[in-house]
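> Two independent chains are provided; combine them into the complex using the hints.
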Amino acid sequence: MQERSKLLWIIGLFAGAYFIPWDHEIMRRSGLEAFLMLQDYAREHVLTCLIPAFFIAGAIAVFVSQASVLKYFGAQAKKVLAYSVASVSGAILAVCSCTVLPLFAGIYMRGAGIGPATAFLYSGPAINVLAIVLTARVLGWQMGLARAIGAVSFALVIGLLMAFIFKKEDAARTAGQFYLPDEENPGRSLWQDAGFMLVMVLILVFAAFARPGEGDATIWQFLFGIKWYVTILLLGVLGLMLKAWFVQEERKAWVASTWDFMKQIAPLLAAGVLVAGFLLGRPGHPALIPESWIAGLVGGNSFFANFFASLAGALMYFATLTEIPILEGLVGAGMGQGPALALLLAGPALSLPNMIVISGVIGIKKTAVFSLLVIVMSTAAGMFYGSFFV
Amino acid sequence: MEIKVLGPGCAKCTQAEKVVREAVAEAGIEASVEKVSDILKIAGYGVFGTPAIIINGDVKMVGKVPKKEEVMGWLR
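Read top to bottom, the protein sequences are chains A and B.
Residues in the first sequence are numbered from 29 upward in steps of one, following the numbering used here.
Residues in the second sequence are numbered from 221 upward in steps of one, following the numbering used here.
Isolated chain B (complex conformation) (with noise of 0.2 Å):
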């Protein structure tokens, strides 16, 4: 499973990353968890907002903080 973490740098941005990362870490899931900051890329995805999650290729959230139930919902 892929999962990026998009936004450049904001305090939202690196608390979806740690979300993301505990959500991963408590599923016991084989998961890459990348944390994309470059803007052009970001925008490359066409997400209007940060922070956004992205799992194998389906934008799942963006513009806010998930929730730790949420990311656990999408790894399964």
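Looking at chain A on its own, in the form it has when it is part of the complex (with noise of 0.2 Å):
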């Protein structure tokens, strides 16, 4: 950082320190409201579904040969599979944007094309596991669902759009020799990574199973009875998984990456609740802004709250996950539904520094094609999702 910039941001935090007025009972409640949605996500959310869905990501990252799914976006891979890969890719592939675009860079120019790039370029950050589950914890499952489908199918159609739109300048262009990731071979059979994969998310599934409503169903009732049992018998299945299927090396190497997602993920999403709970408060205690500004702007199900809503997400810089407590306080200061998955469409794929950063690797005018496709298909679909859901 330059000194210069270095002292505006001191005058600024001084000017801030002394002009704010900190006293006044709104700022008070604001303040309050901010560590409170804090403590709530500390309690709720951390201990049953951020830390096992981290493990989770971690032995994705660890485990799951890259190699074996980058192979589809080769220049001379089969259109089909490149697409229907690309689409589900960002589930296994990446978890920060910061690995997405040089990938998608390297589609682009060298592999598969720009169809493809793009699918995988909407569906790396949308679509990662940590982004659904806390999703569907903290919003709902619907809305968890309803991102997950509405991420897949916007990757593919995204994607054919643009590789339609720009026909001619795809098929000008030279792809080249490409690289791929260094395989190993694990000495496990595919199915043992499934199932070591499916015991950590029946183990996430159990752990934040939701106390069943009083109507519901015997099913839901004797499963919540029976959770902590079930939980800590998966574990032992786990560990029983990881003494006889993996080495010392590779257990080594899931806790470093699970480590490393934590390092990078939770400070920003703690920053991210702290700023959501200061700004929005939790649902039901309104904080800094006024709901009925909230209201006015993406309340109920109309077409500019749904435009607005895909606009601003599409504009805003979400860091991995803080699009989550934002949602829920705005949802919980009357933001509608439909406006809200809008918001989650548009959101993680898309922010002004991400736009730019693509353009310079696709030009101006395809990014800006992308972006308005991303704009008027959240739109679309939150209009559709909030005729449903209100």
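Hints are computed from structural coordinates only; laboratory data are not their basis.
For every residue, glycine included, the Cβ atom is placed at its ideal position computed from N, Cα and C.
Be aware that one or more of the hints could be misleading.
[To be verified] Derived SDA-like pairs: lysine to any residue, alpha-carbon spacing no greater than 25 Å straight-line: (1) B:Lys232 to A:Lys393; (2) B:Lys255 to A:Gly388; (3) A:Lys393 to B:Lys287; (4) B:Lys287 to A:Trp282; (5) A:Lys280 to B:Val285.
[Unchecked claim] Just a sample of chain A residues kept apart from chain B, beta carbon distances all over 12 Å, derived: (6) Arg32; (7) Lys106; (8) Gly172; (9) Trp256; (10) Tyr257; (11) Phe417.
Following this line, the structure appears as structure tokens:
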């Protein structure tokens, strides 16, 4: 950082400390809300949801062979396969946009071309395990499911449309030599890896099992009653699998990559929760931004509300997962379900800084078309979803 | 000898650069180590995955952090 920008930061902080009316009732309430929301996350979501999800993300990063996925993005790969793999690969390949962008550039310049590249660019940050799990947990399983389905189908449609619109330019592109990540023979069969992941997903499902309502079917009541026994049993199974199927080095690599994800994401998420709490408050508790503003802008399910949510999501930068607490605050303050989905679909895939990097790779025209497609489709999906769930 | 470490700035990429520099120092070889962070340049090499290590134009490793012994092997 330059000395001058340091000085500007300090002046800004000083001015904030000096002039902001911290003593005002609204400021006190907002400050309190920030920490109450943080506590809410710490108590409700961290132990049973986030931490298992980090371990799953770590396992995916270490145990799933990237080369086996990436080979479908080569210039010679079948188009059908390239598109279908691209639209779901976000679940396997990436948790943050910093790994998505170089891969995107590689697929575009040396590999399968603009269609699969944009499909991958969209799906990468939108359907990773952590995002879907936490969305379902915090905003309800309907929203989690809608986000997963929306993200996969959007990736496909946007990729195909981009390839169609820019057919000529894509044909003129020269595909060249490319290098896949080195593969190691893990000494495990695919079903062993799949079983290991499945046990972890089940642990997550049972540990995070929400208390069913009074009127719910007895099967849910029963499952809720035994959830801790099942969780402990599953943990035992996981331990046996780790001992029998993995060597020491792999176990270490798994823990190390889980730790990397935690270090990278947890501080940003905590900061995001604090900001969301300060500005918007927990559901049912007003904070700095008046609820009437939010209800007026993105309440209900009008075209404007959905469009505004898509546009705002597309321009704003969300660090990994922070879109979730911010949406929780917005929905609690009166945002409609439709606009909420619109923001989720447009948000993580696009941001202003992201657009600038993308336009450096594929040019301003293609970036504009891509952004436009995302905004239009998110608006439509929001209106569609909002007409079912209010 | 010309060594390039490709990676946009993730933790693994910084680590890869560190390992390479250590190996070069240990081997006592005359070599230039360059970190390439520009996404377009990285894509230009055709590597699908970072960090990647390129020595005298040959892609030596893609998608993981090398061990110091491995780098020493390439330097010989």
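> Indicate, hint by hint, whether the structure satisfies it.
The hints, checked one at a time:
1. B:Lys232 to A:Lys393: At roughly 33 Å apart (the allowed maximum being 25 Å), Lys393 of chain A and Lys232 of chain B break the hint.
2. B:Lys255 to A:Gly388: Judged against 25 Å, a Cα distance of about 20 Å means the pair holds.
3. A:Lys393 to B:Lys287: violated (43 Å)
4. B:Lys287 to A:Trp282: Measuring from Cα to Cα gives roughly 17 Å; hence the hint holds.
5. A:Lys280 to B:Val285: The hint holds at about 15 Å.
6. Arg32: At about 24 Å from chain B, Arg32 of chain A clears the 12 Å cut-off, so the statement holds.
7. Lys106: Fine: 17 Å to the nearest Cβ keeps Lys106 of chain A off the interface.
8. Gly172: holds (27 Å)
9. Trp256: holds (35 Å)
10. Tyr257: holds (38 Å)
11. Phe417: Nearest chain B Cβ is 38 Å from Phe417 of chain A, so the label holds.
Of the numbered hints stated above, those contradicted by the structure are hints 1, 3, listed in ascending order.
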